[in-house]
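My request is simple: use the sequences and hints to build the entire structure.
2 protein chains.
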Amino acid sequence: MSTIQNFDQLINSLHKRQIHKKVAVVCPHDPHTEYVITRSLREGIAEFLLFTTTEHLTYVERIKMLFPEQVEIRLATDGDDAARLGVTAVREGEAGVLMKGTLNTDNLLRAVLDKQHGLLPPGKTLSHLTVAQLPGYNKVLFFSDVAVIPRPTLEQYQAILDYDLKICRHLGIEEPRVALIHCTEKTNEKFPHTVSYAALKQQAIEGRYGKTYIDGPMDVKTACDHHSAEVKGISSPVTGQADLLIFPNIEAGNTFYKTVSLFGQADMAGILTGTLAPVVVSSRADSNESKYYSLILACICE
Amino acid sequence: MSTIQNFDQLINSLHKRQIHKKVAVVCPHDPHTEYVITRSLREGIAEFLLFTTTEHLTYVERIKMLFPEQVEIRLATDGDDAARLGVTAVREGEAGVLMKGTLNTDNLLRAVLDKQHGLLPPGKTLSHLTVAQLPGYNKVLFFSDVAVIPRPTLEQYQAILDYDLKICRHLGIEEPRVALIHCTEKTNEKFPHTVSYAALKQQAIEGRYGKTYIDGPMDVKTACDHHSAEVKGISSPVTGQADLLIFPNIEAGNTFYKTVSLFGQADMAGILTGTLAPVVVSSRADSNESKYYSLILACICE
Chain L
1 MSTIQNFDQL
11 INSLHKRQIH
21 KKVAVVCPHD
31 PHTEYVITRS
41 LREGIAEFLL
51 FTTTEHLTYV
61 ERIKMLFPEQ
71 VEIRLATDGD
81 DAARLGVTAV
91 REGEAGVLMK
101 GTLNTDNLLR
111 AVLDKQHGLL
121 PPGKTLSHLT
131 VAQLPGYNKV
141 LFFSDVAVIP
151 RPTLEQYQAI
161 LDYDLKICRH
171 LGIEEPRVAL
181 IHCTEKTNEK
191 FPHTVSYAAL
201 KQQAIEGRYG
211 KTYIDGPMDV
221 KTACDHHSAE
231 VKGISSPVTG
241 QADLLIFPNI
251 EAGNTFYKTV
261 SLFGQADMAG
271 ILTGTLAPVV
281 VSSRADSNES
291 KYYSLILACI
301 CE
Chain Z
1 MSTIQNFDQL
11 INSLHKRQIH
21 KKVAVVCPHD
31 PHTEYVITRS
41 LREGIAEFLL
51 FTTTEHLTYV
61 ERIKMLFPEQ
71 VEIRLATDGD
81 DAARLGVTAV
91 REGEAGVLMK
101 GTLNTDNLLR
111 AVLDKQHGLL
121 PPGKTLSHLT
131 VAQLPGYNKV
141 LFFSDVAVIP
151 RPTLEQYQAI
161 LDYDLKICRH
171 LGIEEPRVAL
181 IHCTEKTNEK
191 FPHTVSYAAL
201 KQQAIEGRYG
211 KTYIDGPMDV
221 KTACDHHSAE
231 VKGISSPVTG
241 QADLLIFPNI
251 EAGNTFYKTV
261 SLFGQADMAG
271 ILTGTLAPVV
281 VSSRADSNES
291 KYYSLILACI
301 CE
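These protein sequence lines are chains L and Z, in that order. If you're matching positions, the first sequence starts at 1 in the numbering used here and goes up one per residue. If you're matching positions, the second sequence starts at 1 in the numbering used here and goes up one per residue.
The hints are simulated quantities; they were obtained by calculation from the structure and are not laboratory data. Be aware that a few hints might be false.
[What the hints assert, rightly or not] List time: in silico DSS-like cross-link candidates among lysine-lysine, alpha-carbon distance up to 25 angstroms: (1) K166(Z) x K211(Z); (2) K190(L) x K124(Z); (3) K190(Z) x K115(L).
Values in this document were obtained by computation on a predicted structure and should not be read as measured data.
Right, dumping it as structure tokens:
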């Protein structure tokens, strides 16, 4: 399988692989979530288990009326109960993906992170992976972490790399090119993240991450633009053609995410990683398209 | 004077105000610096004092040949000496702007930051201001700090605000709208920058910064896009129409800078602030246009 260049190819890949998962949705009580569900049903890419409350039952029944065979509704006492029930459905293998509706992200995460009944196996790290389709970049661009880990430790960077590289390879990128992002090009005690980066690069050389190119610190332009790298006199298998950007902290990651969305006309998909199954927790400000692509990404990931 | 919407208006404003400064350039030994100098000379916006070394004299003399009246060449023993001489010319009022050529930024900064003979008055904080002209945004966008202060303290944020607000107002923005950028909207001990932000907002209410609206923490989309702010249910005189973005750390600032440059087709200008006179230290990867706009910005600032 060749590299994914855009989201249409991602959707095609889902069809070709004949993946057809059941998705547990917690509180599908808004037009955006409804859009994602009904579009997925129309395109035949998934089935749904909808967790709702009595007061929103009428809203959710409209969806079921259109696709009675592919949609099942389950009643919860409130939003938190819906979250617990959704998580349990995924834990017990009834559903292969968990998706957030109108519930607050923190409330969903409480159920996901519950030590006894949640979705994060012991010893696993919760993180987040975003994929962007950017006009002007010749392939989709993966990046972490824009949403979960404020300031990754070396161990957390390792976990992020493990998750992200697995997904990149699953999507056909055999030797992912990973740029460790910073404003400096030098390892510098003044910037502790760059010290972790040096350790990650050494581990990569020792084979810790399999077939991959890991390089940095370097800035976003050096990572994604050959000309900028040339001007700086930097050249590696990563510069100008990164598949995956690892950001030093959540502020930088989130800034990239919001900036390519607003000023770069990017379409985006995002999922939580480290969990037993992919979890979709789109932000309220994400477009309907982005929410749909997030579900596609969640469905295609193992 | 009305708000500046793009760099053409900035150039016009320079002409209207009949500003004509002398610019000290350290090591103008590359085609990019030469472009900025000759374009400025052709457009009659500045005169130049060029600090060079014997080995590059022939290169620099080509510039003087074209504009013998507006260009003066001074010989230095090496790059560091050229930096010291350039700084001295600004200190002693011979030149009103300092500009870096091919010299390494660190070497220029050493001369700028020299306690006895440099350009940073005692008690002042060195920082950096960028201005971007972004397709899709209806005015130029100011932001700090993408280059100098890794993780501003409260005192450093105060200094940055003082410098940036002064420049915004000088350029005609009477009540600058300032967004304090973060991935969260809440003040949270887990993110120490947001605690500083709360203090800055309180100071603004108490009048510390004059006429201005300061709000945050908020993300880049909330700051620059009305629709995103609406979806999040946030509304203030800042949301969707920020003039100035203050980034929590240099990694986030630099990521914004590189991302709007690469994926947002932004034109940009940048200067050091806090110094006796504006200093232009463009990055090697900046376009010729950006380098030229940086000089314009430096010339127009007091």
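Structure-based check of each hint:
no.	hint	result
1	K166(Z) x K211(Z)	holds, 11 angstroms
2	K190(L) x K124(Z)	holds, 22 angstroms
3	K190(Z) x K115(L)	holds, 22 angstroms
Going down the numbered hints, you'll see the structure goes against none, and every one checks out.
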